[in-house]
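From first to last, the protein sequence lines stand for chains A and B.
Per my numbering, residue 1 is the first one in the first sequence, and the count goes up by one each step.
Per my numbering, residue 1 is the first one in the second sequence, and the count goes up by one each step.
Hints were generated in silico from the structure; no laboratory data involved.
We put the beta carbon where it would ideally sit given N, CA and C, even for glycine.
A couple of the hints might just be wrong.
[What the hints assert, rightly or not] Below, a list of computed lysine-lysine pairs in the DSS-like style, where the Cα atoms sit at most 30 Å apart:
hint: 1; chain 1: B; residue 1: 47; chain 2: A; residue 2: 158
hint: 2; chain 1: B; residue 1: 293; chain 2: A; residue 2: 162
hint: 3; chain 1: A; residue 1: 272; chain 2: B; residue 2: 278
hint: 4; chain 1: A; residue 1: 158; chain 2: A; residue 2: 89
[Said to hold, decoys possible] Distance windows between CB atoms, simulated:
hint: 5; chain 1: B; residue 1: 102; chain 2: A; residue 2: 298; range: 19 to 29 Å
hint: 6; chain 1: B; residue 1: 37; chain 2: A; residue 2: 91; range: 23 to 33 Å
hint: 7; chain 1: B; residue 1: 256; chain 2: A; residue 2: 157; range: 36 to 46 Å
hint: 8; chain 1: A; residue 1: 89; chain 2: B; residue 2: 31; range: 54 to 64 Å
2 protein chains.
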Amino acid sequence: MSKIFVDACRGKKTPYTPVWMMRQAGRYLPEYMEVRAEAGDFLSLCKDPKKACEVSLQPVDIVGVDAAIMFSDILVVPLEMGMELKFVKGEGPVFSNPITSLEDVEKLDVQKAANELKYVYDTIKLIRGKLAADKALIGFCGAPWTLATYMIEGQGTKTYNKVKKMIYTNPNLMHALLAKVTEALKLYMENQIKSGIDVAMVFDSWAVALEQSAYFEFSWKYIKELTSFLKKNYPDTPIIVFPKGISGYLDEIDGEFDVFGVDWSTPMELAKEKLGDKYILQGNMEPTRLYDKKAIDEGVDRVIKVMKNERHIFNLGHGILPDVPVENAKYFIKTVQEKTKNL
Amino acid sequence: MSKIFVDACRGKKTPYTPVWMMRQAGRYLPEYMEVRAEAGDFLSLCKDPKKACEVSLQPVDIVGVDAAIMFSDILVVPLEMGMELKFVKGEGPVFSNPITSLEDVEKLDVQKAANELKYVYDTIKLIRGKLAADKALIGFCGAPWTLATYMIEGQGTKTYNKVKKMIYTNPNLMHALLAKVTEALKLYMENQIKSGIDVAMVFDSWAVALEQSAYFEFSWKYIKELTSFLKKNYPDTPIIVFPKGISGYLDEIDGEFDVFGVDWSTPMELAKEKLGDKYILQGNMEPTRLYDKKAIDEGVDRVIKVMKNERHIFNLGHGILPDVPVENAKYFIKTVQEKTKNL
Numbered sequence: 001m002s003k004i005f006v007d008a009c010r011g012k013k014t015p016y017t018p019v020w021m022m023r024q025a026g027r028y029l030p031e032y033m034e035v036r037a038e039a040g041d042f043l044s045l046c047k048d049p050k051k052a053c054e055v056s057l058q059p060v061d062i063v064g065v066d067a068a069i070m071f072s073d074i075l076v077v078p079l080e081m082g083m084e085l086k087f088v089k090g091e092g093p094v095f096s097n098p099i100t101s102l103e104d105v106e107k108l109d110v111q112k113a114a115n116e117l118k119y120v121y122d123t124i125k126l127i128r129g130k131l132a133a134d135k136a137l138i139g140f141c142g143a144p145w146t147l148a149t150y151m152i153e154g155q156g157t158k159t160y161n162k163v164k165k166m167i168y169t170n171p172n173l174m175h176a177l178l179a180k181v182t183e184a185l186k187l188y189m190e191n192q193i194k195s196g197i198d199v200a201m202v203f204d205s206w207a208v209a210l211e212q213s214a215y216f217e218f219s220w221k222y223i224k225e226l227t228s229f230l231k232k233n234y235p236d237t238p239i240i241v242f243p244k245g246i247s248g249y250l251d252e253i254d255g256e257f258d259v260f261g262v263d264w265s266t267p268m269e270l271a272k273e274k275l276g277d278k279y280i281l282q283g284n285m286e287p288t289r290l291y292d293k294k295a296i297d298e299g300v301d302r303v304i305k306v307m308k309n310e311r312h313i314f315n316l317g318h319g320i321l322p323d324v325p326v327e328n329a330k331y332f333i334k335t336v337q338e339k340t341k342n343l
Numbered sequence: 001m002s003k004i005f006v007d008a009c010r011g012k013k014t015p016y017t018p019v020w021m022m023r024q025a026g027r028y029l030p031e032y033m034e035v036r037a038e039a040g041d042f043l044s045l046c047k048d049p050k051k052a053c054e055v056s057l058q059p060v061d062i063v064g065v066d067a068a069i070m071f072s073d074i075l076v077v078p079l080e081m082g083m084e085l086k087f088v089k090g091e092g093p094v095f096s097n098p099i100t101s102l103e104d105v106e107k108l109d110v111q112k113a114a115n116e117l118k119y120v121y122d123t124i125k126l127i128r129g130k131l132a133a134d135k136a137l138i139g140f141c142g143a144p145w146t147l148a149t150y151m152i153e154g155q156g157t158k159t160y161n162k163v164k165k166m167i168y169t170n171p172n173l174m175h176a177l178l179a180k181v182t183e184a185l186k187l188y189m190e191n192q193i194k195s196g197i198d199v200a201m202v203f204d205s206w207a208v209a210l211e212q213s214a215y216f217e218f219s220w221k222y223i224k225e226l227t228s229f230l231k232k233n234y235p236d237t238p239i240i241v242f243p244k245g246i247s248g249y250l251d252e253i254d255g256e257f258d259v260f261g262v263d264w265s266t267p268m269e270l271a272k273e274k275l276g277d278k279y280i281l282q283g284n285m286e287p288t289r290l291y292d293k294k295a296i297d298e299g300v301d302r303v304i305k306v307m308k309n310e311r312h313i314f315n316l317g318h319g320i321l322p323d324v325p326v327e328n329a330k331y332f333i334k335t336v337q338e339k340t341k342n343l
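Isolated chain A (complex conformation):
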């Protein structure tokens, strides 16, 4: 059965623009909060395929999105490479022993990660078994740069001073880490594809931290390596990349992938002008417009005016926030599906 979301990733004309939301399986849904409370904590939920499957399906059933995204976290990869990870309430993820040396990099275990991440592959199999045949399942990973940043900083950071100190004073160590993480991600995404995902997505949330020259040297290079590997071996699986906050660098974007995710700080007109011929575009309504229905209407109209249901997947320009009313999320999805019909 044809999946409108996958068709759109391949540039085929679709009856309406498919739509989903980053973080759609998340805290704004009371049903998610219930399952999460049962699981105990965030990591336990990631590691429980049955519960992870359940929350992945919720936004499809409740909100009406055109694709499910597997419930997981980008940091399970460094975790299963051997780093100790905790999610501390109010602080977010914390690695107790951040990477500071080549010895630390050498201790990371690529093959162990590929194996131990079986709970993710099991989650995928469960979701694909239950998801309607016309809905797509998105698998994902963090970009090597974004993962390496967490692994070096140890936790969220405002200044990125540890990881930036490393790239400017010890670039070789940084490259050693990035190369190893990239190898782990190749195996991880390969296993996700074999387990049944329809589309693969790479999140580079911390792209925004790097100046142009550093971005292409320390991040984009490794994203390209990963997507080239996947395209060579799994040409039928569409790939979405989402480097957040690099509107100034679009001229240099190239590589083997299908869909470019546009964040809300990059005007859709600009993304279309620079990348619309080469790639399908995904995005990019300001997520906080979900606070208000009039703001949703206006935001949806602005994006449609530029993209006109051509070579486009509708999404927010970043994740949905926990305090958004579920009713407004539903309204957003329905509005997109109706306004783009027969365009």
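Here the structure of chain A is known, so what remains is to put chain B in place on it, guided by the hints.
Using the frame of chain A, we list chain B on its own:
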């Protein structure tokens, strides 16, 4: 006596590119830490003209920059408009009673702020009295949007969810606040100019939080109102604006000011292409390049290659970080002054 920094702001050819650093009077300097410890806390230092003068002059004497910037904080304006402000260790600035209603906005006192900020005007007079005649003194304020964001969020925020909820659900309240803050800033900057600053700068640090349409409605409009007022009444005082992180919106930038501050995430080539004919450009070396002398050389060369000592003021693309060695800061300043000589 001619000031190379002021000449550059006016587009005159200068013997080398003048250079300073955002946050140059700051924690990377042991001499600053000493004065701050004497003052007690951060706000007490802002309110003590003699000590604020002393730390403002330090980077001129120690690091060799071409301009002093008065030591103060953008939040003294909402503070003196009547909001209770504390600097909490590890958390940064906190307003105990954030703005939530029109009544809160009405309570803010524009005239009181203009008067109570006398300690800033006194600081300026002291600095201008002691600063060498060929060095410029920069006065500054926060942009209305950036100040309003702090006033509504109450403290630093990752998601800006309170202020964004306000702009999408209650834009009239937001405009009422922005209009009032703009009035206070007009008087404040007018008094700074009368007290002796050579150049006025407007920091819009949280420009990065807004999508394009919202940026021009809720921020840029008020910056333009402020700079037009100053240009009309004080045409001889050059104005620098620094909206951080809006590389995607440069096509829409216009207004009456002299210098556009380019942050490190906006490629200098792009800024020059879009704005270089209309405005002098300031910026934009990645501040974390200061961790390493080779990285400084490379960063300075990249900027010089684009700007070639023409219509340019050298600066970092954001503030200097506290853990940068003073020696490297000195090296940066000297490198710029030498490499741009006779270009």
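Structure-based check of each hint:
1. B:47 x A:158: holds (27 Å)
2. B:293 x A:162: holds (17 Å)
3. A:272 x B:278: Cα-Cα ~26 Å, so holds.
4. A:158 x A:89: holds (18 Å)
5. B:102 x A:298: 19 to 29 Å: Distance hint for residue 102 (chain B), residue 298 (chain A) holds at roughly 23 Å.
6. B:37 x A:91: 23 to 33 Å: The hint (23 to 33 Å, Cβ to Cβ) holds, given that residue 37 (chain B) and residue 91 (chain A) are roughly 29 Å apart.
7. B:256 x A:157: 36 to 46 Å: Roughly 38 Å apart at Cβ, these two residues keep to the hinted range, so it holds.
8. A:89 x B:31: 54 to 64 Å: For residue 31 (chain B) against residue 89 (chain A), whose Cβ atoms are near 40 Å apart, the range 54 to 64 Å is violated.
In summary, the one numbered hint that this structure violates is 8.
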